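Visitor: Sequence:
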Amino acid sequence: MGLTMTTTAPGAPVTAWADDIDQVLAGDLIAALTVTTASGDVVTVPTAPLGLRDRGQGWVSCFVPARFAGRLDQPGPIGRVALTFLSRAHGTATSDAYLLVQGHAEAGHTIAGAIHSRASELLEPALVAAFRDGWRGERRHDAIGVRVRVHRITTWSDARASGIPTTLGAAAAAAPLPQPVPSHAASGVDARNAVRRFRGHPHRLLSYAGGDGFPVTIPVRILEAGEQGIRITAPAGTLPAGDRRAGLLALSYGPRLTGLSTRHHTGWLSKHKDGTATYVPHSGYGHHLPQSKALRLLAGAKHRVLPAR
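Numbered per the working numbering, the sequence shown spans residues -19 to 289.
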């Protein structure tokens, strides 16, 4: 699925974040990049942040596997995004925090310096070569550099995003308004099959457009699946009221980013009075790579579109 973004003008970046936040940005092995496409869908893809950030200048960067990148391989602004730091697994940070970094992004940014040694420390050797072409800015590369000019950092104290978050930078956005139900709101993917494919993927992330247009990505727990869709729950205060487009990502990965496996869906989210919500998947695809063949994802392994039923 190609990612076609709309652009907006950035404001002043957030700078001088605290050491505990910087530790997470520096040490996490994986992060999730969320964008809103031109068609209005919300899409989240895995990225390798490699600890790339600058507190003084107010930016955080990552590399996106080329197969996920779509039109990100065209240099230039890509608009409002969210970069979510969701897990300390296999990284070097020790905090339990869940970080949502929102900002304006540019694709195709060339980042050099000490990146090779950083990648060699965190990734398996085969992946290092794939990323090297991306940060050199070569025309045919396997990973796309994305730089995010930080607008807001929202931090929860644990990986479940429970409790009251703290916000650095722009004030927290107002709740987004409900969206009109589209004519194609019926599911194009069997919800039960979708949930079965989530097995072995412990990280489940829901994404939607926030009240100020920046994407929001939160961890969710799946309760059940049936003919009406996938019933989910999320930490208090994180699910917006009403109906809207949303993306759902299930993710697993191993040490040094080997064995990366994902399941992606675009669809429709409806929140209920009891605080739970139903997610109706419209489309989906996934990647699953054996531990020894993780490089295939970065080298452009084809994704498989899930059957309609």
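Rather than coming from a laboratory, the hints here were simulated on the basis of the structure. Treat the hints with caution; some may be incorrect.
In silico EDC-like pairs for lysine to aspartate or glutamate, Cα to Cα no more than 16 Å straight-line [to be verified]:
id, residue 1, residue 2
1, K251, E204
2, K251, D223
3, K253, D223
Quick list of simulated restraints, FRET-style, between CB atoms [to be verified]:
id, residue 1, residue 2, range
4, A154, R179, 33 to 39 Å
5, R172, I144, 33 to 39 Å
6, K253, G36, 45 to 51 Å
7, S163, A221, 35 to 41 Å
8, L203, G36, 41 to 47 Å
9, L157, D34, 33 to 39 Å
10, A(-8), S163, 36 to 42 Å
11, G206, D(-1), 43 to 49 Å
12, R140, R179, 18 to 24 Å
13, Q37, G193, 30 to 36 Å
From a predicted model like this one, the values you see are computed outputs, not experimental measurements. Backbone N, C-alpha and C define an ideal beta-carbon position, used for all residues, glycine too.
Visitor: If a hint holds in the structure, say so; if it does not, say that too.
Guide: Okay, the hints, checked on the actual structure:
1. K251 with E204: holds (15 Å)
2. K251 with D223: holds (7 Å)
3. K253 with D223: Roughly 12 Å separates the two Cα atoms, so the pair holds.
4. A154 with R179: 33 to 39 Å: holds (37 Å)
5. R172 with I144: 33 to 39 Å: holds (35 Å)
6. K253 with G36: 45 to 51 Å: holds (47 Å)
7. S163 with A221: 35 to 41 Å: 22 Å Cβ-Cβ, so the 35 to 41 Å window is violated.
8. L203 with G36: 41 to 47 Å: Once the Cβ atoms are compared, 44 Å apart, the range 41 to 47 Å for G36 and L203 holds.
9. L157 with D34: 33 to 39 Å: holds (35 Å)
10. A(-8) with S163: 36 to 42 Å: holds (41 Å)
11. G206 with D(-1): 43 to 49 Å: holds (46 Å)
12. R140 with R179: 18 to 24 Å: holds (20 Å)
13. Q37 with G193: 30 to 36 Å: violated (23 Å)
Of the numbered hints stated above, those contradicted by the structure are hints 7, 13, listed in ascending order.
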